[in-house]
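Undergrad: Sequence:
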Amino acid sequence: MENKKMDIKQWFSTKLVPGINKLGSQRHLASLRDAFGTLIPLTIAGSLGIIMSGIVFGGSGSGYVSLLGLICKMAHPEMTWAEISNYFWADNGFNKAMLIGANVFGQLSTVTIGMTAMWFAFTLGYFLALTRNSKNPVIAGFVSLVSFLVTTMGQIAFFQGAEGLISALLFGIISTELFLWLTNVKALYIKLPDGVPPSVSKSFAVFLPFLITVGSIASLNLVFVIPNVLGAGLKVTKASFASFTGSSLEDLFKNFQATGSVEAVLGETFVGKEQIINDLQNIFSQANINEEGVVTNAAELMQLLENYYKASADQASIATMFAVMSGVDSSTISDLAANASLEFIDANGVHVLLSKYIQIQIQGAQFGWSAAIYQFFVSALLTFATGNGGLGLALAYAFFISFLWFFGVHGSNVVNGAFSPIWSMIGTINLTLIAQLGYQAAAASGEMGVFSGQFFDTFMNLGGSGATLMLIVGTLIFSKRRDVKKIATYAAPSGVFQINEPVLFGYPIVLNPIYCAPFVLSPMINVVIGWIFSPDVMGKASPTGYAQIAVPWTTPYLIAAVVVYLTPKALIPALLVSGASFAVYLPFIWLDNSIYFKKLKRDNPEAYEIEKKFFDDPRYHYQVITNNKFDRKIEKAEVIIGNAQSQNRFWDQKMPDGEKLENRKKINNAIANIKYNYALAIANEYKDLRLEKEKIYDKKWDLKNEIFSLKTECKTKLKETADKSAAATIKAEYQNKILAVKSDFIAKKPDLLVNIAELKSTLANSKKNSKQKLVTLKGETKQKILEIKSA
Numbered sequence: 001m002e003n004k005k006m007d008i009k010q011w012f013s014t015k016l017v018p019g020i021n022k023l024g025s026q027r028h029l030a031s032l033r034d035a036f037g038t039l040i041p042l043t044i045a046g047s048l049g050i051i052m053s054g055i056v057f058g059g060s061g062s063g064y065v066s067l068l069g070l071i072c073k074m075a076h077p078e079m080t081w082a083e084i085s086n087y088f089w090a091d092n093g094f095n096k097a098m099l100i101g102a103n104v105f106g107q108l109s110t111v112t113i114g115m116t117a118m119w120f121a122f123t124l125g126y127f128l129a130l131t132r133n134s135k136n137p138v139i140a141g142f143v144s145l146v147s148f149l150v151t152t153m154g155q156i157a158f159f160q161g162a163e164g165l166i167s168a169l170l171f172g173i174i175s176t177e178l179f180l181w182l183t184n185v186k187a188l189y190i191k192l193p194d195g196v197p198p199s200v201s202k203s204f205a206v207f208l209p210f211l212i213t214v215g216s217i218a219s220l221n222l223v224f225v226i227p228n229v230l231g232a233g234l235k236v237t238k239a240s241f242a243s244f245t246g247s248s249l250e251d252l253f254k255n256f257q258a259t260g261s262v263e264a265v266l267g268e269t270f271v272g273k274e275q276i277i278n279d280l281q282n283i284f285s286q287a288n289i290n291e292e293g294v295v296t297n298a299a300e301l302m303q304l305l306e307n308y309y310k311a312s313a314d315q316a317s318i319a320t321m322f323a324v325m326s327g328v329d330s331s332t333i334s335d336l337a338a339n340a341s342l343e344f345i346d347a348n349g350v351h352v353l354l355s356k357y358i359q360i361q362i363q364g365a366q367f368g369w370s371a372a373i374y375q376f377f378v379s380a381l382l383t384f385a386t387g388n389g390g391l392g393l394a395l396a397y398a399f400f401i402s403f404l405w406f407f408g409v410h411g412s413n414v415v416n417g418a419f420s421p422i423w424s425m426i427g428t429i430n431l432t433l434i435a436q437l438g439y440q441a442a443a444a445s446g447e448m449g450v451f452s453g454q455f456f457d458t459f460m461n462l463g464g465s466g467a468t469l470m471l472i473v474g475t476l477i478f479s480k481r482r483d484v485k486k487i488a489t490y491a492a493p494s495g496v497f498q499i500n501e502p503v504l505f506g507y508p509i510v511l512n513p514i515y516c517a518p519f520v521l522s523p524m525i526n527v528v529i530g531w532i533f534s535p536d537v538m539g540k541a542s543p544t545g546y547a548q549i550a551v552p553w554t555t556p557y558l559i560a561a562v563v564v565y566l567t568p569k570a571l572i573p574a575l576l577v578s579g580a581s582f583a584v585y586l587p588f589i590w591l592d593n594s595i596y597f598k599k600l601k602r603d604n605p606e607a608y609e610i611e612k613k614f615f616d617d618p619r620y621h622y623q624v625i626t627n628n629k630f631d632r633k634i635e636k637a638e639v640i641i642g643n644a645q646s647q648n649r650f651w652d653q654k655m656p657d658g659e660k661l662e663n664r665k666k667i668n669n670a671i672a673n674i675k676y677n678y679a680l681a682i683a684n685e686y687k688d689l690r691l692e693k694e695k696i697y698d699k700k701w702d703l704k705n706e707i708f709s710l711k712t713e714c715k716t717k718l719k720e721t722a723d724k725s726a727a728a729t730i731k732a733e734y735q736n737k738i739l740a741v742k743s744d745f746i747a748k749k750p751d752l753l754v755n756i757a758e759l760k761s762t763l764a765n766s767k768k769n770s771k772q773k774l775v776t777l778k779g780e781t782k783q784k785i786l787e788i789k790s791a
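In the UniProt record's numbering, the protein residues as written are 1 to 791.
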């Protein structure tokens with residue numbers, strides 16, 4: 001049995017851990033990690049663009065919930081929110097401010113988040129070339145980018161965002177590897193004369209490998225282009241949206257109010273749907289338009305449309321009709337009578353109508369490899385990740401990160417290579433939809449996903465992998481291990497910013513069986529709690545909604561929750577996951593303490609008694625803390641002398657003039673002695689004040705120690721007594737003794753309070769005098785140093 005255990009341990013140490021480490025440093029995974037990491041500033045900049053465009057200036061139809069909208073409401077308190085939204089689209093100063101701000105800052109999101117796949121393709125090729133020590137990493141980045149673009153068959157606008165990420169990943173790796181291999185083929189090397197500038201020479205040296213690589217990737221598209229030209233009918237379809245709000249909704253009612261106008265637009269396209277067309281015409285004809293051209297009963301018309309839609313057996317046809325009425329070419333809609341829906345949204349009293357339909361994005365000779373990857377793989381993956389499969393993927397992600405970290409392998413580095421593209425696609429799609437439709441309409445579209453990268457940084461990784469911030473908090477409050485509490489003290493500041501290596505290797509968590517279970521379970525439980533409070537489960541009642549803003553992963557999670565979800569309600573699940581992680585870790589903190597002190601008592605009884613005294617005797621506890629802090633201040637003073645000696649050794653080597661050298665040393669030593677004396681005075685003043693403060697608590701500590709001594713004595717006697725009757729007598733005896741001690745203390749309490757008040761007054765004066773003394777001493781120290789330097 002013992003041999004079997006040794007075999008398992010040996011397998012873990014010699015096979016599993018090295019294998020996982022090798023996987024974590026695998027160059028393709030490392031390049032993916034670095035490429036995604038490089039895009040973080042772009043994502044944050046794009047998020048700021050969304051904030052400025054939508055939240056500040058009211059772009060994307062969000063005027064009624066923007067900062068500019070609030071200012072408009074303050075300027076026109078008599079207006080309703082619906083009227084404010086309409087006012088934004090009238091010819092006035094607020095409209096101009098909205099258009100300027102939304103257009104200027106909206107471009108930030110378009111050129112960053114909206115072009116994620118392009119930037120990722122370049123950075124992936126660049127970092128992959130670096131792993132091969134290539135002399136042309138920038139050219140390799142261009143190879144990756146161009147190869148990805150040629151697979152889009154000119155449909156760059158469609159694939160430049162999240163839709164093209166997987167294609168950029170696959171063809172980025174394939175093209176870069178091919179290019180790097182071809183650059184080592186000497187027959188393809190073009191050497192220019194020596195007088196040619198190096199930058200030009202480098203470019204021509206890889207001209208043929210570049211041309212062969214991108215040409216080869218381009219020719220791969222023939223696999224789909226030829227069949228499609230011959231009538232295969234391959235196409236890319238994707239959900240598209242037509243939204244109406246404010247003035248655009250009024251324009252819809254106005255345009256189709258006239259008798260026969262709905263039939264004129266829809267009659268030829270929707271053959272056999274005459275009844276629906278007539279019913280819609282009847283609703284639109286009820287629009288009341290005043291002399292200023294304003295529809296006065298828009299809310300009533302919206303309610304009529306909603307009632308009609310919900311009662312209809314052919315909702316898909318109605319939804320596609322609204323898309324066509326918005327100006328969408330009916331020939332681009334995949335199916336006029338299927339896979340379409342209408343959403344009626346009420347946001348702060350403002351009505352929004354959203355038509356969702358499936359549109360043909362790419363077909364014919366434009367269908368290449370990127371189109372095939374999206375249609376046959378990416379769309380299915382996104383449907384799975386944003387639907388029922390999302391929770392399973394998220395739990396697997398949480399499990400493997402913690403599981404690998406337990407063996408000392410950087411879990412995030414290994415796992416992110418597989419999962420980052422998924423979370424990045426979901427996050428990019430969310431932000432793109434918000435930028436296009438506004439949050440309310442985007443949330444109602446059914447295309448947004450819960451599990452973006454921001455979700456995990458906010459709700460899963462509280463203080464880093466394994467949610468170890470709550471382990472730190474639990475340790476500081478409940479642990480009696482001084483060594484671990486010290487580690488927790490030093491680890492807390494970095495833990496707040498989601499960095500937890502001090503915990504992983506200091507406690508340690510790595511290969512520590514006591515903390516394995518909570519380290520793995522805690523983030524998984526947090527994922528489930530975050531998911532329960534998401535729109536996937538709670539729908540419109542969700543306190544968080546979907547992630548709207550990207551922030552750095554080092555942002556403290558409570559701050560990140562509010563910023564990412566743009567609502568203080570996000571603190572509800574954030575605090576709940578904090579409590580859950582704390583509850584998961586707490587029993588194991590106690591277990592760790594129990595095992596540690598039992599082992600210490602067995603192996604080193606003297607050290608055990610000292611540890612026990614530290615937590616049981618408040619006076620000793622206070623004195624130990626005082627002495628430790630005093631010693632650190634003395635060490636700080638001694639460092640000053642050490643630094644002076646180091647400087648002297650430096651000048652021994654650098655200053656050949658003996659007289660100047662001795663003078664330099666004399667000055668250094670003199671200044672160091674002055675600083676040392678000042679630091680020593682600070683330490684002595686600190687200790688004197690602590691000793692004076694100790695007197696205040698003397699009687700209180702005497703009471704606690706006496707009661708504790710009686711309880712310990714009682715426990716000892718009870719252990720020696722087997723008779724229940726005798727045990728009861730012992731308990732009663734010591735209860736009476738403890739009561740007598742407490743009663744005596746209460747009787748003396750009035751005099752003690754007077755004495756304590758006097759001691760506190762004396763301590764306050766001592767603090768004041770000490771502070772004044774140190775201020776004076778500091779001034780004298782500075783003056784002495786100036787005199788030495790100027791001498």
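None of these hints come from the bench; they were simulated from the model.
Just to be clear, a hint being listed does not mean it is correct.
What the hints assert, rightly or not - Straight-line distance between alpha carbons at most 27 Å, and here's what the computed DSSO-like set of lysine-lysine pairs gives:
1) Lys778 to Lys675
2) Lys613 to Lys687
3) Lys675 to Lys612
4) Lys700 to Lys748
5) Lys598 to Lys693
6) Lys675 to Lys767
7) Lys629 to Lys731
What the hints assert, rightly or not - Derived CB-CB ranges, DEER-like:
8) Lys599 to Asn133: 19 to 27 Å
9) His621 to Ala45: 27 to 35 Å
10) Leu576 to Val229: 30 to 38 Å
11) Ala97 to Leu511: 58 to 66 Å
12) Thr383 to Asn133: 35 to 43 Å
13) Val624 to Pro556: 54 to 62 Å
By construction, the Cβ of each residue, glycine as well, lies at the ideal position given by its N, Cα and C atoms.
Undergrad: Are the hints correct? Go through all of them and say.
TA: A quick look at each hint next to the structure:
1. Lys778 to Lys675: 9 Å, holds
2. Lys613 to Lys687: 21 Å, holds
3. Lys675 to Lys612: 39 Å, violated
4. Lys700 to Lys748: 11 Å, holds
5. Lys598 to Lys693: 35 Å, violated
6. Lys675 to Lys767: The hint holds at about 22 Å.
7. Lys629 to Lys731: 41 Å, violated
8. Lys599 to Asn133: 19 to 27 Å: Given range 19 to 27 Å: violated, Cβ gap about 50 Å.
9. His621 to Ala45: 27 to 35 Å: Violated, since histidine 621 and alanine 45 (Cβ atoms, about 51 Å apart) do not stay within the stated range.
10. Leu576 to Val229: 30 to 38 Å: 57 Å, violated
11. Ala97 to Leu511: 58 to 66 Å: 60 Å, holds
12. Thr383 to Asn133: 35 to 43 Å: With Cβ atoms ~41 Å apart, the hint holds.
13. Val624 to Pro556: 54 to 62 Å: Taking Cβ atoms as reference, valine 624 and proline 556 lie about 32 Å apart, which means the hint is violated.
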